[in-house]
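For reference, the chains in residue letters:
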Amino acid sequence: MDLSYTPEERAFQHEVRTWLKRNMPKRDPAERPLDFHEPERVARAKVWQRKLFEAGYVAMGWPREYGGRGADVMRQTIVNEEMVRARAPGLIGMMGIQMVGPTLITHGTEEQRRRHLPKILTAEDIWCQGYSEPGSGSDLASLRTRAEMRGDEFVVNGQKVWTSNAQFADWIFCLVRTDPEAPKHRGISYLLIDMKTPGITVRPLVQMTGDAGFNEVFFEDVRVPRANVVGGLNDGWTIANATLFHERNMLGSTTRTQQVFQGLLRLARTQGRGGRLACADPAVRRRLADLAIRVETMKLEAYRQLTDTLRGRPHGISASVSKLVTTELNHDLAEAALDILGSYGPLARGNRRARDGGAWPLDFMFTLGLIIGGGTSQIQKNIIAERGLAMPRELRA
Amino acid sequence: MIDFGLSEDQEALQRAAREFLAAECPPSLVRDTAEAPGGVPRGLYAKMAELGWMGLAVPESHGGLGLGTLELAVVLEELGRVAAPGPFLSTQLVIAALMRAGSPAQRRAWLPRLVSGQAFATLAYLEESDRHDPAGIALRARRTRDGYSLAGAKLFVLDAPGADLFLVAARTRAGAGPAGVSLFLVPREAAGVRVRPEETIDLTRRVGELVLGDVTVPRAALLGGEGKAWPPLERLLDLGAIGIAADSLGGAERALEMAVDYSKTREQFGRKIGSFQALKHMAAEIVAEVEPARSLVWYAAYAFDHRPREAARAATIAKARLGDVYARTVRRAVEMHGGIGFTWEHDLHLWFKRARWNRVAFGYPDHHRERLATIDKY
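Line order of the protein sequences matches chains A and B.
Note that the working numbering numbers the first sequence so that position 162 is 162, with each residue one more than the last.
Note that the working numbering numbers the second sequence so that position 131 is 131, with each residue one more than the last.
Read the hints as simulated data drawn from the structure, not as lab findings.
There's no promise every hint is true.
As the list claims (entries may be wrong) - 27 Å max Cα-Cα, derived DSS-like pairs, lysine-lysine:
no. : chain 1 : residue 1 : chain 2 : residue 2
1   : A       : Lys51     : A       : Lys119
2   : A       : Lys46     : A       : Lys196
3   : A       : Lys26     : A       : Lys51
4   : B       : Lys272    : A       : Lys21
5   : A       : Lys299    : B       : Lys377
6   : A       : Lys51     : A       : Lys184
Small disclaimer: the values here were computed from a predicted structure and weren't measured.
The following block holds chain A by itself, in its conformation from the complex:
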């Protein structure tokens, strides 16, 4: 057990800290870290990612030939920690960096890697994920979007739904049915599709927050080169599971959680409640302490998982545990803020009396979406019980 940094790591930490101090954009307190919907925020966010990339701080563990630094996991961990400390804005290209990028590094062809990985890092290509369909949510493998081979191309027809970031994404990684005769898990392929291809229509869906944060994506005779399949034809379920693992890790990241807790504590130290500061109320103090303990637990748990990675040990179901616990925790943090705020809690953006620009009620709703997205809490529990504890599988169609 050793939780100290080497002299080199400390020097690197200092370098990152100094860089962030000089280069971080001013933050709008009403912005939510993972939610991009206004075009001008998208543009600003791309500039920020590019800047971080040029400094060498994005996806440092990726191989050099694809724009990474070939650095060890520790370097990226230090960058992530310093970004929390500085309350730096999140990265707009997260789905590329965290999901499709690692999947291509493991399963992609050389051509796919060379073409896509560098642009993921620079934010030139923003990616979105085409998994869920109107009839296929938790039962993802029942998906019906068809891709038929015609010559050297697939012709894709169907519909995806809940597609975050599709309104400005350049590419979509998509699960499509390539063999309708095969058992449902064995007839699926993982396809990379350029969002500018004719036949793709993106229609915004308004979330309960009032923002058009996700979309429906329609495919009508969309032609996709055969070379855009990742892994083998009809091997998409395996690849999708690899990506889902990365997604759970992304949603289970404690970085955001730590930032939000800091904000909650600032709120409790400034907000009056019952004639005194909220942080002087014993019930609030205990609730905050309980949340702090849960945040600390997941921070340390991330170190434990990092250690498993460094030691080359399998992770088992830890990504599912992190996704389940962290998304629920994020929602509970926002709820605590609303309770501290009392009548100020439900005040919306634009209301001059709203605290923190009305960010807390938005975050309360936004984080409920994260509990559902990427496999609901209930699906994560099934995974933990069946894969982690080997409890008997239920009969499923």
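Given chain A, work out where chain B should sit, using these hints.
Relative to the frame of chain A, chain B by itself:
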């Protein structure tokens, strides 16, 4: 370089302890010990002493294994897994106090017997007020010509019925603050010492009242400086909190295993009950609490030895969380068993009840939450 995991040696210790205790401390021994006066399973403790466990964290120069708090936590987790009875943790606390503040004469007098398992010891600090802060220590120790005279009662003394030595917190100066708190080594055979076992629901632990009827001890019984014992005592309570947290982790793991195993054999509606999502989700919720909690125990044990400025905070966090997690886990585990889990015959209630002591020993969860709020200056 972050390396947040057990070393190969620590993992080997964990495996060895698990195998040893599975063979040597079955539930039948736990039940038998509940009937025995003193509550010390002597045969088991003789073997534990042979393995060196009683002196696990004692330097080799003093006859111990020279290991640290993390190794201690590893063993305590395994003891919690089997709901082991007896004064292991209590004795470790007194050993730690002797190592930190004991005089050479005090160490010579007690360490060899404690390390060899010939004698057991415990810490007596709580009183009727049940406060875990300096104000909780009201029992007076008055100066006499060549020593001190202690009169009063200490309550909720863990493992008191089997203890040969008590480390007693008392006031040498009136007040409610940290100044004036002193620690005394009081042997059980000293005149005026009486131990009254308390009846509790927990069959796996013994708790007692220590009655001190004008007990006279020599000046050499004072451990550390007169009136200056609160900081070392607070550190002992942190060690106790870490120990109970580790024990809770092991107990929660075991309760989960029992519930999951049962769900794979019990059939209702023509299928294994473990195939129902209602039970799967209960089990998964336990996993989601217990698995990450291990990191808290490890970190608290590591910080106790290596990060003095974070040690109290880490211990408080581990104790608050594990107190909750263990209690919730055993409750769910009983529910997953249904009627059989509610019987005296089934062993599960041993853990269910131990969780109640673990929740309050060395500070109940709300005490530690308030302490964290104070440490972090909310």
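Now the hints, each set against the structure:
1. Lys51(A) to Lys119(A): Holds, at about 14 Å.
2. Lys46(A) to Lys196(A): The hint holds at about 19 Å.
3. Lys26(A) to Lys51(A): Holds: Lys26(A) and Lys51(A) sit about 14 Å apart, inside 27 Å.
4. Lys272(B) to Lys21(A): Judged against 27 Å, a Cα distance of about 58 Å means the pair is violated.
5. Lys299(A) to Lys377(B): Cα-Cα ~20 Å, so holds.
6. Lys51(A) to Lys184(A): 43 Å, violated
Checked against the numbered hints listed earlier, the structure breaks hints 4, 6; every other hint is satisfied.
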